[in-house]
Amino acid sequence: MSSLLSSPLTWGDALVIFLWGVVLMLVVLGFVTYAIFFERKVIGWMQFRIGPNRVGPFGLLQSVADILKLLIKEDTIPRKADRLLFILAPALAFVPSFTVLAVIPYTQKLYFADLNVGLLYYVALSGISTLAIVLGGWASNNKYALLGGMRSAAQMISYEVPLVISVTGVVMLSGTLNLRGIVDSQSGGWFWDWNFIPQIVGFAVFVIAAVSELNRTPFDLPEAESELVAGYHVEYSGFRFAFFMLTEYVYVYAIAGLTTTLFLGGWHAPAPFLDFVPGIIWFALKFMFIVFFLFWLRATMPRIRVDQLMGLGWKVLLPLSLANIFITAACIELFQR
Amino acid sequence: MFDIEFNGEFAAFFVFAVLMIAGAVLMVSFTKVVHMVLSMAAVFLGAAGMFVLLEAEFLAFVQVLIYAGAVSILMIFGIMMTNHSDSRAETIKPLKETLAAVGAIALFGLLFYAIRDADFEGLDGGTPAQTTDNTLAIGQALFHNHVLPFELVSVLLTVAFIGAIALAKKEA
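Here the protein sequences come in this chain order: A and B.
For the first sequence, the positions run 1 to 337 when this note's numbering is used.
For the second sequence, the positions run 1001 to 1172 when this note's numbering is used.
Watch out, some of these pointers could steer you wrong.
Unchecked claim - Under the rule of at most 20 Å between Cα atoms (straight-line distance), these lysine to aspartate or glutamate pairs were calculated in the DMTMM-like manner: (1) A:LYS143 / A:ASP82; (2) A:LYS109 / A:ASP13; (3) B:LYS1032 / A:ASP82; (4) A:LYS109 / A:ASP184; (5) A:LYS109 / A:ASP275; (6) B:LYS1169 / A:ASP307.
These aren't lab readings, by the way, just hints derived from the structure by calculation.
One chain only, chain B, in its complex shape:
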C-alpha cells in the first residue's frame, strides 16, 4: 500500500505536503485575518508545487496566477471589513466543536475512500498522455471534447457577474 522510494521527488513531495498541512493548521489557529490569509497562500503554493510534481505545469502556474491575485484581494477585504483593533478570544462551545470534528472526519473518510476507490483507467481517453505539452492537451479537451460544459460554465459566470452588478446597483 505505501511503498515509498526515497528520492528527490519524495523529498519535494514531503516539503510541499508539510507546507500545505502547516498552512492549513495555522490558517485555522491564527487570530489575525492577514496571518490567516497568508497561511492560506502557503497552502495554495504547496498545491501548485504538487501539480508541478505531477507534471501538470499549466495547472500549477494557473493555480499560482489565480490564487495569488485572489489572496491579495481577500487580504484587502479582510483588512477593510474586519475590526482588527481588538482580537479577543472566542468562547469555546463544546457541542459545536464536537460536531465540527465529526463532520471533518466524515468528509476526510469520504474523500479518502473515493480517491482510493477511483478508477482512472476507465475515463474517456484513459490516462492522460505524458506529453511535454499538456497545455495543448488541456486546450483540446476543453474546446473540442467538452466545449458545451465549458460554454455553460462561462454563461453561469456571466450571469453571476451581471447579478452581482445588479445587486450592487440596487444597494447603492
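Chain A with its partners taken away, still in its complex shape:
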C-alpha cells in the first residue's frame, strides 16, 4: 500500500486505488449488514428473546431481506418539503462517514491514507454529517424531524469538544496526529503499553463522547422514538432512509476502528509471545469487542434526559478531559525528561 501511495499517479495506479476503494466499500457494507443482524441477535439474547431466526439459516439473511425491502420501497418526498435539500441531505450525511475511513490503519502494511493530520481529518469531516442531519430535519418540514435535527446538532457540538480534548492526551503521549504514528508509539509488546491504561481518564471520556457522537443509546435523543416518532428521518423512506441508517452504522465502524487505533494498540498483540498471530486478527478482535460493547450498552442502558445530557457533557466530561491534558502534560514533564 505504501509504495502505491508514494509513487506518481498513473492511470493503472489510479485504477488499483479505485478498486481498493470498492473493496473497502464492500467490506463496510458487509459489516453494516451483519452488524445490524448481530445487534438484533445480541440484544434479543440479553432480553431473553431469540432475535431474528426465520430468514435463511439462523436468520442470517434477515438484514439482507430488510435492505432489499428498503431498496424497493416507494420513495416519498413530502409536497411541502424543500425538495433539493431533502434529496441532498442523505448523501451529504453518508459521504463524510465513508471518507473518514480512509485514515484508519488496519495493519502495518494495510492502510488507505498516511495523513500527517489523520486524527484531525477524522474529527473535522465527521462534523459535516451533523450539518446533513440538521439539514434533513429542516428540509422535511416536519416538527418532529426539526426537533430531532436540533437535538442532534446541540448534542454533537457539545460532545465534539470533550471528544477532541480527550484524544489530545494520546496525541501528546505519541507526539503525532498521524494515526499510524499513534499505533507505532504503542508498541512495546505488552498490553499495558497501549494508551488506554496511561490515558484511562481520556479513554473513559472518549468512549462516552463517542457513543454520544454516534447517536446511540443512552444518547439517542435525536431519534428518541417515544418522544419524536423517529427524529430527524421521520419523513424519509426507502433508499434515502437507508442512507441515513447506513451512515449511522458506518460511523460505528469508524469509531470502533478509531478507538482500536487510538487506545487499544491497533494491530499490536497484547503479549510478546502472541506476536505470531497476524496483526489484522488482533485489529479485528479489538474492533469486534468495541462493536459488541456498543450493542451491550444499548441493551443495558435507558435513554438519558436532555438536560442531563447537556449537564454531563459540559459539567463533567469537559472539565475531566481538560484536567486529563493538564495531568498528562505534568507527567510528561516530570517523568519523561
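Dock chain B against chain A, hints included.
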C-alpha cells in the same frame, strides 16, 4: 503575470475556486436562511481545499472542524430566529446598492493591491519550511515565538465569554 501550468493541481484549484465563488454568489442571492448558510459552508469547504493545495493540512482540517460546527450552529440560529413562513421580496434601494458596490470594489482593490505587493520573504524566519509536519511548526510558532500575543488572545476570548454570560444573566 499569469503563467499557468495545466496540471492536476490547477484543476483542483479551479474546482475549489468555482466552489467558493459560486457559494459566495449564491449566499448573497438566496432568500431562505438555510440555503444561505449551506452555500456559506460550500465557501468554507472550498477554502479548506485551497489550504490542502497549499500543503497546510493542519489549517485545512481545523478550518473544516471549526466552520462545520459553526455552520450548524448558525443554521440553528437562522431557523430559530427568523420568520421563514413568508419570504417576500425586498424593495431595491438604488443609492444603497451603488454605495455597496463601490465599497465592495474598493475593498477588492485594496486586498488585491496588498496581496500583490506583499513581500513574504522579509518575514521572520523567511518562507515557512516545506516540511511534512507543519502542525509542529505551527505549535512552535504559537507557543515559542508568539506566546504573548497568543495568551493575550486567550484572555480576550475569556473576557468576551464571561461578558456574554453576564449579559445573558442580566436579561434573564
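Going back to the hint list, which numbers does this structure go against?
-> none
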